[in-house]
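Trainee: Could you use the hints to bring the two separately framed chains together as a complex?
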Amino acid sequence: MTAVAVIGVGQTNYRRAHKDKSSRELIWEASKMALEDANMDIGGIDAIMAGIAPEALSGEGSVERGGMMGVGKPFLRINTGGVTGSSTVFAGTTYIQSGRAKAVLVVALERMGQATSSQQVFNTIFDPVYEKDFPLTTITMAALRASMLMRMYGYTEQHWAEIAARSFRNACRNPHAHLKLDITADDVLKSPLLAWPIHRYEACPMSEGACAMVLAAEDIVGDRNAAWVQGAASTSDSYAMGDRIRRPEATLVDLLSLRLSAERAFKQAGIDRPLEQIQAVELYSAFSSAEAMAYPALHFCKPEDGPRFVEAQFSDPSLPKINPSGGPQGANPVSATAMVRIAECALQVRGMAGERQVADVDRAVATGQGGATQFSTVCVLGKKKVH
Amino acid sequence: MSESELIEIAGQWNFNYNYFAGESASRFFRELRENQRIMGTRCTKCRRLLVPARAFCDACMERTNEWEAVGPEGTLDTFTIITTQFPGLPKPPIVMAYVTLDGADTALINLVHGLDMSDIDKAARRLNSLPRVRTKFIDEPKGRITDFSFELI
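Line by line, the protein sequences give chains A and B.
End of the first sequence sits at 385 in the numbering used here; the numbers just go up one at a time, nothing left out.
End of the second sequence sits at 802 in the numbering used here; the numbers just go up one at a time, nothing left out.
A couple of the hints might just be wrong.
[Stated by the list, open to error] With a Cα cut of at most 25 Å, we get these calculated BS3-like pairs of lysine-lysine:
1) A/K100 to A/K71
2) B/K740 to A/K188
3) B/K785 to A/K130
Keep in mind the hints are simulated off the structure, nothing from the lab.
So that you can see chain B by itself, here it is in the shape it has in the complex (with noise of 0.2 Å):
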């Protein structure tokens, strides 16, 4: 027997869960689904259109009113290029941006697909060039976040 040996005990967190999205959220996931559209809430008292759908502004603590679609076009913002793998995350490379759709007044955060990555730091290069994006809806909408994704124009 070691002196010093040091004991470890394995143990594993793995819940189920279904979390609730809430009726402004379900009815954007709707959108999504059958009409593929992107929809944001305007707030009764500053005015943004806010994307995605909610039910309150927070930095005004008032609710939202008029449904109003965006798109299907925008302006990417901001973006990174995911390179290596993390245990539990998808497989790189991945480009996720956020992205302010036509007619709304926050940005969106999603995937950005069919740019060439064999160089990563061209594609950073025309990326930050902050160039014009579409919105792009998978063949099966299925009600998530993941039914669409960005591509450059």
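Just chain A, with the same shape it has in the complex (with noise of 0.2 Å):
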């Protein structure tokens, strides 16, 4: 099979609303860096994918249509919720790896600064026969699980505190983030109460933005900086959360599908001992809680002890570093955000990630979370090219 490279990528910066771009122009930016990241044309581009979540955010029905850059391309739009990034970019890696394409650019969108009630519009997207007379949104669907692990598994509210400041802190160093907050644990524990035990400063920003990226085929790559697809897999799960609460090989917080998707890109990437193997790390953890989920799924550590692995990364520097780039918390474009997980995996790999920078990054992975975490994403990013 053709390897495939991260060759190009581009984004915007990430804010509450770019009132000073069209949905069109958004595209258009991230997608002209992306390429001139990768010194290629758009005459270069065999195929466009765009991905790009619940249109009512943006209140602009086939929004993808600001995808249509170049004539004469295959073109597809992807939607899988909060994994609409990655998997777009696997749909682009699927297109190499089949010899349909030779070069695809991948866009991903979130216009969401338009709406001016997106946890009303983040309602919509339940079940309408069963859930959505009740206030189920991202943030409380975050806070029933929250609320879970600190029982199973001994998180407190210090936890969740002490992992959303690190991200925010990180994201001063990342100058596309939306929310740089030089801040301390007990700054997000003063900060209001959203929806028990989340606090405002626990939970991702609303931001909007785009990012690209430029996947060739090896033959392509050339002399280019290129960051190689060592692994990537996407599993689905069950859509009830109620049905996984009790469910006995995996509850609602043992995220199933993040780790199946975690073996089977290991496995492709060649990694058996992760916490030696990664060096950075970037997590769809819109909330505190969704990092912790991440821990034991990408076998970090056993379940109850990811209130100790905490505590490990502050004081422990051989540990991969997680959400140098501030992770969802500094930036949640949500159609976008799975992507950007990829994209900053990338920017680490080819040593391009600024301030940000991890040293020695010779593997970097990147998740993607959606759905009611019924989509999960793990997606391997290296220096070596792997088949």
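Mentor: And the structure:
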């Protein structure tokens, strides 16, 4: 199978609203930067994949129309909720691996700044028959899991606050980040309570912006600075959260889909000792509890050792650096967030991450979490080509 | 005229829909309205009693067949207390929880009423003990999931 590399990355800045740019202009700006980074023009691109999640967040139907760039190319629009961005990358990767394209432009847009009530929009993504009458939103969904993790594995509000504060501090070194806050865990705990146990500064911001990447088959990479896709896996889980609460093989907070994705992607990449073989991790953790759920799924520790793993990150420099970009707490352009994780890993592997660069990155791992955690993706990027 | 003025165009999505519940959920809702009973359906393969009732088990891809009533009591599995008002959503404080009703193999979500909310941390501690709850129906059930809620026993 053809090896695939990321050879170009483009990101707009992420912020609450880009009133100076239309949706099309955001897509174009990120795409143009990715092409320039790849030293290519649109003529060299064989196919375009555009990732955009619920349209009601932008209030524009078929907002992917902004992804029409160049002419005469296969075009796909992808929507898998929170993992829209990584699904889009995987669609592009698969196109190249199957021999249908040599170079694919993948782009993801979030335009939620146009919505005046995004949590109300998020309520509409739930089942209209049994769920939509309740205040289910991205925030309350996370809160239901956070309280379960506290009871099962001993996390405290302090752990949630430490994780959030670390991410916001990391975001200060990322020029693209939306919320750059030099704050402590105390500041997080003192911020208003949104939905117990989640405080204002433990929730991700609402951000918009676009992210794009150029993916290339090994025979056209040439001498470009490349981050090789060593492993990529995407798995789903049963939809109903209530069906997973007491499921013996994996409860709602055991993230079966992320564990399966990690096992498959790690196998492809030849990773069997993740803590030693991975230097940087970009987690799709819009809330601290999502980060905690990822530790055991990525085989970083046992579930019950999660609270200690949070503490170890601050004292053990040999552990992989988690969310050097600030992660989704620094910026959460929902449709693009999972692609941003992969883009940030590509920058780390290519040594292009500026002030947020982690030293000596050989491999970086990006996750994606979508829907009611029924979609998960894991992508391993590295300096070396793996077949 | 300002050279840097940015124009915003007002927009609104306000479409009307009728969501089709389908046969299984319709029966579930009729049972709520007429008998104040919460029903589950059993998967013919994994034998789990799925609540609320549905036509098939998505994990097994098999039909459900037997209908069985569950509850009216159960155990709270997890919860959140919504403390901030979000535009377009109900007024806080609101307790929302997953409860596994006696006899069921899955949990269902609904609101929890009747808890003293003057001290949120104290209320959270009480809910953290995973208390037993009972279903409480409204006076005139309409055949909707909101016909009942939970209260602590």
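Trainee: Taking the hints in turn, state whether each one holds.
Mentor: Hints, one by one, checked against the model:
Of the supplied pair hints, the one linking A/K100 and A/K71 holds, its CA atoms being roughly 12 Å apart against a limit of 25 Å. Among the hinted pairs, B/K740 with A/K188 is consistent with the structure: their alpha-carbon atoms are about 22 Å apart, no more than 25 Å. Between B/K785 and A/K130 the CA atoms are separated by roughly 20 Å; this keeps the pair inside 25 Å, and the hint holds.
The earlier numbered hints are all upheld by this structure, with none contradicted.
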